[in-house]
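Number of protein chains: 2
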Amino acid sequence: MITKSKIKLIKSLARKKGRDQHQLFVVEGYKSIREFKDAGAFIIDLFTTQDAVYLNDLDPVVIAAADMKRISNLNTPPGYLAVVKFKEEPDIQEAQLILALDQLQDPGNLGTIIRLADWFNIDAIVCDHNTVDLYNPKCVQASMGSLARVNVISVDLEDFLEQASQPVFLTAMNGDSIYNTSLPEKAIIVMGSESHGVREKLFATGTSISIPQYGAASSATESLNVSSAAAITLAEWKRSTTGKKN
Amino acid sequence: MITKSKIKLIKSLARKKGRDQHQLFVVEGYKSIREFKDAGAFIIDLFTTQDAVYLNDLDPVVIAAADMKRISNLNTPPGYLAVVKFKEEPDIQEAQLILALDQLQDPGNLGTIIRLADWFNIDAIVCDHNTVDLYNPKCVQASMGSLARVNVISVDLEDFLEQASQPVFLTAMNGDSIYNTSLPEKAIIVMGSESHGVREKLFATGTSISIPQYGAASSATESLNVSSAAAITLAEWKRSTTGKKN
Numbered sequence: 001m002i003t004k005s006k007i008k009l010i011k012s013l014a015r016k017k018g019r020d021q022h023q024l025f026v027v028e029g030y031k032s033i034r035e036f037k038d039a040g041a042f043i044i045d046l047f048t049t050q051d052a053v054y055l056n057d058l059d060p061v062v063i064a065a066a067d068m069k070r071i072s073n074l075n076t077p078p079g080y081l082a083v084v085k086f087k088e089e090p091d092i093q094e095a096q097l098i099l100a101l102d103q104l105q106d107p108g109n110l111g112t113i114i115r116l117a118d119w120f121n122i123d124a125i126v127c128d129h130n131t132v133d134l135y136n137p138k139c140v141q142a143s144m145g146s147l148a149r150v151n152v153i154s155v156d157l158e159d160f161l162e163q164a165s166q167p168v169f170l171t172a173m174n175g176d177s178i179y180n181t182s183l184p185e186k187a188i189i190v191m192g193s194e195s196h197g198v199r200e201k202l203f204a205t206g207t208s209i210s211i212p213q214y215g216a217a218s219s220a221t222e223s224l225n226v227s228s229a230a231a232i233t234l235a236e237w238k239r240s241t242t243g244k245k246n
Numbered sequence: 001m002i003t004k005s006k007i008k009l010i011k012s013l014a015r016k017k018g019r020d021q022h023q024l025f026v027v028e029g030y031k032s033i034r035e036f037k038d039a040g041a042f043i044i045d046l047f048t049t050q051d052a053v054y055l056n057d058l059d060p061v062v063i064a065a066a067d068m069k070r071i072s073n074l075n076t077p078p079g080y081l082a083v084v085k086f087k088e089e090p091d092i093q094e095a096q097l098i099l100a101l102d103q104l105q106d107p108g109n110l111g112t113i114i115r116l117a118d119w120f121n122i123d124a125i126v127c128d129h130n131t132v133d134l135y136n137p138k139c140v141q142a143s144m145g146s147l148a149r150v151n152v153i154s155v156d157l158e159d160f161l162e163q164a165s166q167p168v169f170l171t172a173m174n175g176d177s178i179y180n181t182s183l184p185e186k187a188i189i190v191m192g193s194e195s196h197g198v199r200e201k202l203f204a205t206g207t208s209i210s211i212p213q214y215g216a217a218s219s220a221t222e223s224l225n226v227s228s229a230a231a232i233t234l235a236e237w238k239r240s241t242t243g244k245k246n
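Taken in sequence, the protein lines are chains A and B. Okay, so the first sequence: first residue is 1 according to full-length UniProt numbering, each after it adds one. Okay, so the second sequence: first residue is 1 according to full-length UniProt numbering, each after it adds one.
In case anyone wonders, no lab produced these hints; they're calculated from the structure. Certain hints may be false.
Just so you know, same-sequence chains aren't split out, so a pair can sit in one copy or run between any two.
[What the hints assert, rightly or not] Quick list of in silico lysine to any residue cross-link-like pairs, SDA-like style, CA-CA up to 20 Å: (1) K37 <-> E222; (2) K31 <-> E222; (3) K138 <-> G108; (4) K138 <-> Q105; (5) K17 <-> N130; (6) K31 <-> S223; (7) K31 <-> H196; (8) K11 <-> G29; (9) K6 <-> T49; (10) K138 <-> T76; (11) K69 <-> Q50; (12) K85 <-> L24; (13) K31 <-> S193; (14) K8 <-> H22.
None of the values given here were measured: they were computed from a predicted structure.
Only chain A is shown next, with the shape it has when bound in the complex (with noise of 0.2 Å):
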């Protein structure tokens, strides 16, 4: 059973007002659900259908399919959503590698670089102030549960690279190539959002660097979606500075 009164919460949800308002997202799906659990998430409800055959251990509230459809943030409900407590943001004094994202857009893309961070075990994501929402519910299910456990703070982002400790490396269309500069294990590294790019402004901060292209530029596409480019830049960061690999 669900009252109307929670259906109307859980709805709010899907909006960033709402979340806010409550400090609370949404979850989908039982390996994401059970990802946050094991990283300590506080859930305040759990909901699943009559033939969800998981999850049982967590007690859930089983509901009608009709009910899960009118809550559920996806074309086809997986028949599990919790109802989870905005996590605290973390200290990140102690992070050496960072990754900065300025102003992105696309709640799918910042939802998967929370997962390639996961991955690579990058110390922290650090999203400026204009940046999507991470509680997004597209963005929570892009990152597969990877939110759960990867540090992310908000900030002003060009007050943050102007304190840095660190290096900081910006991703540019004409930057030194990532294979010819020296990658340091201490490091911030800058990508910008899907049209922009990084903001001019912040270049002042540090150097630029360069995913190379191939074949025909003039042929070629002219840019590369910015989580193929955050892939790429971590796998590169971590091959460089890990003596174990390669």
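Here the structure of chain A is known, so what remains is to put chain B in place on it, guided by the hints.
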């Protein structure tokens, strides 16, 4: 002006059945349309709204915003929509480096990978017949015009790999590190579907390779998004086979 029958035709192109029947697909946004045009695509119809300021040299038909909304696949129509003829299947006999996709289901991933193949100058993409449709609007959109330039064919992947002259490398969770594998210029790189990876039976055709994971495996994400994995693998392939870069 746009006729009712034309609206109906274009709406039918939102589905694979309609696209296959008419051998037509839809491209939206002036940049993508320009790239298709520049790559020699056959544009059957071009529609813009009154406030559209680009592509006037292509003699567009100006239609009302309400009509554009009807024919667009996007929530916020960019104001430029072209109906384009299917490309002829390219001849890939001479292709050296091929990316093979085994039953990918997400059109956004396919489009992102086509954009990557363009950036890294991959000779051809080979899709198993059960891969999501190339002309799915979300794939066309995510490819950002690269679909106009990259050679893509559809095959029975098992047959294709068995008959290939190039060595085959299949991405897996437990393969050899790509950094410890000798990566030849002539090769077929196989990436698997989002939920199941490369099908088990295909592994007999070549060598398994993996992208190393960092940090405590027990506490980290299980896998990378397929387009993230493609980005890292293609970048590493080009880095290690191209003398010019590091």
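Hint numbers not upheld by this structure, sorted from lowest to highest: none
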